Amino acid sequence: MSAPSDSRVSAVAATETALRLKVEQVSYAYSATDRSAPQFTLGPVSFDARRHDLLAILGPNASGKSTLLRLLAGVTKPLSGRVQVDGEEISSLDLKARAQKIALVQQESQLLFPLRVWEYVLQGRYPYGKRLRFESEEDCVLATNALAQVGADSLRDYWMDELSGGQKQRVILARAMAQQPSLLLLDEPTQHLDLGGKVELLRRLRKLADENRHTVIVVTHELDLAADFADRVVLLQKGKCLREGTPAEVYDRALLEEVFDAPLEVEMRTNGRPRVSLRTNY
Amino acid sequence: MRPLTPRRVLTLCSGLLLLLFIAVVISLRVGAYPISIPDIVATLFNRVAGRSDLIPPVYSEVIFGLRLPRIVLGIIVGAALSTAGAGFQALLRNPLADPYVLGVSSGAALGAIMSLIFTPHVAGAIQMAAFIGAGLTTGVVFLLGRRGGQLDAATLLLAGIVTTSFLSAVIMFLMTTLSGRDLRGIEFWVMGNLSNPPAVNPVWLLIILIVAGGSIYTTTSDLNLMLTGEQEARHLGVNVRRVKLVVFVASSVLTGLAVSVSGSIGYVGLLVPHVMRMIFGTDYRLLVPTSAIGGAILIVVADTLARTLLGATEVPVGAMTALAGAPVFIYLMRRRVR
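These protein sequence lines map, in sequence, to chains A and B.
Be aware that the first sequence starts at 32, since it is given in our numbering, and climbs by one per residue.
Be aware that the second sequence starts at -12, since it is given in our numbering, and climbs by one per residue.
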């Protein structure tokens, strides 16, 4: 093999394995008023994620999952520590530059006026425009592709309020894809879905992470789904990061039982992923 | 997928401008001294061509002395109120918001009256005072309309109603105690009227209209996203605080501008954006300019009816718009509040 192609190969390999998200010693605190003692503290938390990674932030209610997600999204500034995406500190980016790197999928809010699905998905192109912008051909192509990627091409001309919960979730995801982000963040995306919908969504996220080089981060409390789909897991309890690693490394029965306050069974399967079930035979 | 293009905005606005022109010509034609449409067109043409000597003096007096100034004022007021209405609807995330319903017009009226009392001879003071009155009232209604830190649609409307009646009472009090002064009368401020235009150069009003309306227009891409949800808009890169400030100031300026010259003409800001939304959809990049032109058309038509419907007796134009606007408001409210 000649030298140039060698270096090209290693350059590709370097970007493939390069860190996309680097979270260093991030902490945050809430208090009721400016002077009172903090009611809730998060961190310090450190972890990182690469391209193609699907990372689950796991924990029971009030463990600080959503706070951590907001810190990753750059919506709130950490009290200390740094969050870097593609080597850039997100708190130093302006709003539009940040929206080009990070897409956040939350529970959808109430629409004030009716909107078509395609209009909604085109909103994902907003960060790429100047102050007053009209959508280009290219924007339409990207929005169409985004809809196709989530299997929602046929919904293009529907009104948003005509959609079922699962369909709406896919359209919201399509808008995030239209942002062409490096980092795709999802806050409890499985909350309003039935079991079939949950599995379908996580398969889709897995596929997006594998094919599109997105780094996908999902906040969830669903242990079994995270065990099946996540490459890495960050386990939180009361604002503290207890453990971080592959599901096999994190899923320790005693630890999970303590964190989730429930009798659990954890067994290792042949594919190297743990299986979690409720222990009810006692 | 058919995204909005600047070309489509221009085409539709041109169509509406044509409608406005037709309304203007009809408005010039009717009245106590009817002038035939060919005569009107010839008169306008001669005036534009700089051949005023060919215009009969009586036409010159009726068209350029009486009717046209009133029409121009109506166009400015209608455009200002409709744009302000569209702005308030986005700012307060409430499709029922309108300068009149929210009490912002009453605030502007009170400001204008204060300026008539304290600074009667200062040029532009009345517009400035009306703007300050409108801005303060918007702020107060915004604060009163919150519930648990969130804007609440019903609470906001109640706050507007209470503010309107309180400010109307103050206006009434001032009118009664200071009845000897020239304060233009209670009916003018509470109902609105174009029959007695103030001595302001309309060019200045037009400049304010274009600057304030234009600054709202620059935020229309952002407003589209904010109507989907402010949190989400922020995540998509919208500077929500800046947009809100621009829309707040510009809508208050527009309300102050309209009220300072025509009193509180009601429901224009509610009626017009809603009709435009039904025809052209909810995209603010199209809604704001079409509402501005639609508002101009509405006021020209309403004022023409106001001065001709009962022969020699004039009805305030605000009564005409309220007659049309109140039923629409009720319809919207019933559809919305389930």
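Hints should not be assumed to be uniformly reliable.
[What the hints assert, rightly or not] Derived Cβ-Cβ restraints for the label pairs, each shown as a range: (1) B:Ile9 - A:Gly196: 19 to 25 Å; (2) A:Arg164 - B:Asn183: 42 to 48 Å; (3) B:Asp139 - A:Ala285: 45 to 51 Å; (4) A:Val106 - B:Phe51: 56 to 62 Å; (5) B:Arg228 - A:Glu242: 33 to 39 Å; (6) A:Arg81 - B:Tyr318: 29 to 35 Å; (7) B:Ala313 - A:Glu193: 49 to 55 Å; (8) A:Arg164 - B:Val109: 51 to 57 Å; (9) A:Ala68 - B:Pro(-7): 39 to 45 Å; (10) A:Gln138 - B:Ile9: 57 to 63 Å; (11) A:Pro294 - B:Met320: 52 to 58 Å; (12) B:Thr142 - A:Gln56: 58 to 64 Å.
Source of the hints: derived by calculation from the structure; they are not laboratory data.
Values in this document were obtained by computation on a predicted structure and should not be read as measured data.
We treat Cβ as the ideally placed atom computed from N, Cα and C, and that holds for glycine.
(message) The hint says 52 to 58 Å between A:Pro294 and B:Met320; measuring C-beta to C-beta, is that right?
(response) holds, 53 Å
(message) For the hint 49 to 55 Å, verify it against the beta carbon of B:Ala313 and that of A:Glu193.
(response) violated, 32 Å
(message) Holds or violated: the 57 to 63 Å window for the beta-carbon distance between A:Gln138 and B:Ile9?
(response) violated, 49 Å
(message) Just to be sure I understand the hint, the distance between the Cβ atoms of A:Arg164 and B:Val109 should be within 51 to 57 Å; is that true here?
(response) violated, 42 Å
(request) Indicate whether the distance between the beta carbons of B:Arg228 and A:Glu242 respects the range 33 to 39 Å. (result) holds, 37 Å
(request) Check the following: the C-beta atoms of B:Ile9 and A:Gly196 are separated by a distance inside 19 to 25 Å. (result) violated, 49 Å
(request) Starting from the range 39 to 45 Å, see whether the pair A:Ala68 and B:Pro(-7) falls in it by beta-carbon distance. (result) violated, 55 Å
(request) Determine whether the Cβ-Cβ distance between A:Val106 and B:Phe51 falls within the hinted range of 56 to 62 Å. (result) holds, 58 Å
(message) Given the hint of 58 to 64 Å, is the C-beta distance from B:Thr142 to A:Gln56 inside that range or not?
(response) violated, 44 Å
(request) With 45 to 51 Å as the target window, see if B:Asp139 and A:Ala285 comply at their CB atoms. (result) Holds: the Cβ-Cβ distance is about 48 Å, inside 45 to 51 Å.
(message) 42 to 48 Å was suggested as the range; check whether the CB atoms of A:Arg164 and B:Asn183 agree with it.
(response) Given a distance of about 44 Å, which is inside 42 to 48 Å, the answer is holds.
(request) State, for the Cβ atoms of A:Arg81 and B:Tyr318, whether the hinted interval 29 to 35 Å holds or is violated. (result) Violated, since A:Arg81 and B:Tyr318 (Cβ atoms, about 56 Å apart) do not stay within the stated range.
Checked against the numbered hints given earlier, this structure breaks hints 1, 6, 7, 8, 9, 10 and 12; the rest are met.
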